[in-house]
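Participant: Listed here are the chains, written in short residue letters.
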Amino acid sequence: DAEITQSPRHKITETGRQVTLACHQTWNHNNMFWYRQDLGHGLRLIHYSYGVHDTNKGEVSDGYSVSRSNTEDLPLTLESAASSQTSVYFCASSGQGAYGYTFGSGTRLTVV
Amino acid sequence: QKEVEQDPGPLSVPEGAIVSLNCTYSNSAFQYFMWYRQYSRKGPELLMYTYSSGNKEDGRFTAQVDKSSKYISLFIRDSQPSDSATYLCAMSAAGGYQKVTFGIGTKLQVIP
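In order, the protein sequences belong to chains A and B. The opening residue of the first sequence carries number -9 in my numbering; numbering runs sequentially from there. The opening residue of the second sequence carries number 24 in my numbering; numbering runs sequentially from there.
Keep in mind that the hints were calculated from the coordinates and are not lab data. Fair warning: there could be bad hints in the mix.
Stated by the list, open to error - In silico DSSO-like links for lysine-lysine, alpha-carbon gap of 27 Å or less: (1) Lys90(B) / Lys130(B); (2) Lys65(B) / Lys79(B); (3) Lys1(A) / Lys93(B); (4) Lys79(B) / Lys122(B); (5) Lys130(B) / Lys65(B); (6) Lys47(A) / Lys25(B); (7) Lys47(A) / Lys122(B); (8) Lys25(B) / Lys93(B); (9) Lys79(B) / Lys93(B); (10) Lys1(A) / Lys65(B); (11) Lys25(B) / Lys130(B); (12) Lys47(A) / Lys79(B); (13) Lys90(B) / Lys25(B); (14) Lys25(B) / Lys79(B); (15) Lys65(B) / Lys90(B).
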């Protein structure tokens, strides 16, 4: 069965370290998205991609980067982790014309 | 002011009650309206999808959109304990498979 997987499920890192969160989907979806979810803010868009080599900034992109070298993967990199980036991160994908997203199970990141 | 406003609750109802969940929005360009359900420590899953104004029914769930008032609703009939979750409204100008803006989510508890 097709799926979207995120890894790791939980991570603790130190302030200033570079961190990469993985997102892999086998739906063959063109569109992939990264959101963060925080109490009081809900889901906020970090970066998104509509295809290979296409990336776009969302509303909270500062301190984050993505690259899309193939259809299946959209890794999210925190260049220099900050405590404000402690959050739950969700990856999602969608196919052209689909009604909505398919979400991964999330990565809970703690920056200490 | 946020583009999408949603009361975070929590909302507690007895089993069998009719539940009404609502969102307001400010962006007139939104034409695609969705409701996602999110169980604790899981990714959101698409529940309902509506294009433009009108009603859509799926089993115990009814979604309503009033674009003139910039107001959307989700009704749950004969609520069950298994409906206990956070419900997120979501909206897009270009389709549910493209960039989507989410509400903060309303936490619902259905008490047996």
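Participant: Each hint should be assessed against the structure and marked as holding or not.
Facilitator: Hint check results:
1. Pair hint Lys90(B) plus Lys130(B) holds up; C-alpha atoms about 24 Å apart against a cutoff of 27 Å.
2. For the given pair, Lys65(B) sits about 26 Å from Lys79(B) by alpha-carbon distance, which is consistent with the 27 Å threshold.
3. With a C-alpha separation of about 40 Å, the suggested pair Lys1(A) and Lys93(B) falls outside the 27 Å cut-off, and the hint is violated.
4. At most 27 Å may separate the alpha-carbon atoms for a hinted pair to count; Lys79(B) and Lys122(B) meet this at roughly 22 Å.
5. For the suggested pair Lys130(B) and Lys65(B), the alpha carbons sit about 14 Å apart, so the restraint of at most 27 Å is met.
6. For the hint linking Lys47(A) to Lys25(B), the alpha-carbon distance of about 18 Å falls within 27 Å, and the restraint holds.
7. Note on Lys47(A) and Lys122(B): the hinted pairing holds, with a Cα-Cα distance of about 11 Å set against a maximum of 27 Å.
8. As the CA atoms of Lys25(B) and Lys93(B) are separated by approximately 13 Å, the hinted pair is consistent with the 27 Å bound.
9. A distance of roughly 17 Å separates the Cα atoms of Lys79(B) and Lys93(B); the hinted pair therefore holds under the 27 Å criterion.
10. Taken as a hint, the Lys1(A) and Lys65(B) pair is honoured in the structure, with Cα atoms around 16 Å apart against an allowance of 27 Å.
11. In summary, the hint linking Lys25(B) to Lys130(B) is supported, as the alpha carbons are separated by about 19 Å, within the 27 Å threshold.
12. With a C-alpha separation of about 33 Å, the suggested pair Lys47(A) and Lys79(B) falls outside the 27 Å cut-off, and the hint is violated.
13. Among the hinted pairs, Lys90(B) with Lys25(B) is consistent with the structure: their alpha-carbon atoms are about 17 Å apart, no more than 27 Å.
14. Among the hinted pairs, Lys25(B) with Lys79(B) is consistent with the structure: their alpha-carbon atoms are about 26 Å apart, no more than 27 Å.
15. Proximity of Lys65(B) to Lys90(B) is assessed by CA-CA distance (about 31 Å); at most 27 Å being required, the pair is judged violated.
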